[in-house]
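S.K.: Note that the sequence shown ends on residue 290 in the working numbering; no numbers are left out.
Treat the hints with caution; some may be incorrect.
As the list claims (entries may be wrong) - With a Cα cut of at most 20 angstroms, we get these calculated PhoX-like pairs of lysine-lysine:
1. K100 to K57
2. K81 to K61
3. K223 to K260
4. K57 to K120
5. K223 to K63
6. K223 to K61
7. K206 to K223
8. K120 to K21
9. K57 to K6
Since the hints were made in silico from the structure, they are not lab data. Bear in mind that the values here come from a model prediction, so they are computed numbers and not experimental data.
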Amino acid sequence: MSLSDKAVLINVSFSIPSGTKIDKHVSNKIADDHQVSDGRRAAGNYQKIILDSELFKNVSKIKRNVEGYLNTVSVPYSNEKMPVILPTTALSETTRMLRKAKREFDNELQMIREGYEIKKEEAKERLAGLYNEEDYRHLDDFMERFSFDSWIRPIPDLDNLDLRFQVSDEEARVIKEDIRAHMIYDLRDSCRIVQERAIDVITHLKNVLEKDKPIIHRSMIEKVSALADSLPGLNLQDDEEFADIARGIQTQLGSLSIEKLREEDSFRGDVADDADNLIHKLENLYGPSA
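Work out the full structure, taking the sequences as your base and the hints as a guide.
M.R.: Okay, here's the thing in structure tokens:
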């Protein structure tokens with residue numbers, strides 16, 4: 001089965017203002033006060049908080065949640081942050097997640113619109129002499145700086161790429177082979193990212209469990225479980241060794257009891273041993289991690 005049959009490309013982008021602005025006047029004054037001959041360009045800039053970060057807290061959380069989810073179920077495509085390769089097995093859940101996140105994002109934008117002038121008034125008191133009305137955009141212009149967009153596309157299928165009308169048959173063959181070689185190289189890098197991601201998650205679990213008095217957070221167990229669920233779909237090269245490791249992670253770490261981990265020393269030891277064994281297998285999958 002080709003990659004285009006079992007995965008798609010998905011791109012997600014966010015734009016969220018920082019709520020900060022460089023104050024050139026203050027930056028220049030600081031440089032002058034300290035006798036910096038080249039001014040603020042040599043001394044650095046003073047960046048002031050013109051809008052309380054509370055205004056952006058929820059939209060930033062939505063962005064982190066979406067990116068965190070994609071970081072679990074997908075892998076980079078062609079060494080870029082976006083788009084990413086998403087297994088079709090995760091497509092339905094991912095599109096549901098994106099629709100829900102978009103609704104939440106749009107609801108938060110309405111809250112931000114309503115709170116903008118309030119935060120400006122608060123800034124007048126908070127910034128005192130640093131307040132400058134020119135730092136603030138008109139509300140509509142400010143709101144246009146927010147965005148949350150996504151698209152899904154099929155992965156190009158080389159076997160169905162028809163170049164006959166553009167180049168000769170021989171040139172088409174050479175071009176396809178060159179593209180194929182680069183795709184294989186990029187796919188290997190993507191698979192190594194999955195390998196390193198799994199090693200990081202399981203190593204963290206092992207290190208926590210091996211402590212004398214471990215503090216076991218539910219979020220850590222949930223992260224291990226999410227990894228176990230996502231790995232089978234990320235076997236993009238149909239690698240039997242990868243599949244065997246993924247099954248081992250699902251079986252041994254996929255549904256850990258947090259109560260037993262907290263209460264039973266022997267159970268923690270067994271799980272730490274399982275984790276150590278899986279780490280060694282992962283490290284040998286594509287060679288040692290960088």
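S.K.: Each hint: holds or not?
M.R.: Going down the list of hints, with the structure as the test:
no. : hint         : result
1   : K100 to K57  : holds (18 angstroms)
2   : K81 to K61   : holds (19 angstroms)
3   : K223 to K260 : holds (17 angstroms)
4   : K57 to K120  : holds (16 angstroms)
5   : K223 to K63  : holds (18 angstroms)
6   : K223 to K61  : holds (17 angstroms)
7   : K206 to K223 : holds (13 angstroms)
8   : K120 to K21  : holds (14 angstroms)
9   : K57 to K6    : violated (36 angstroms)
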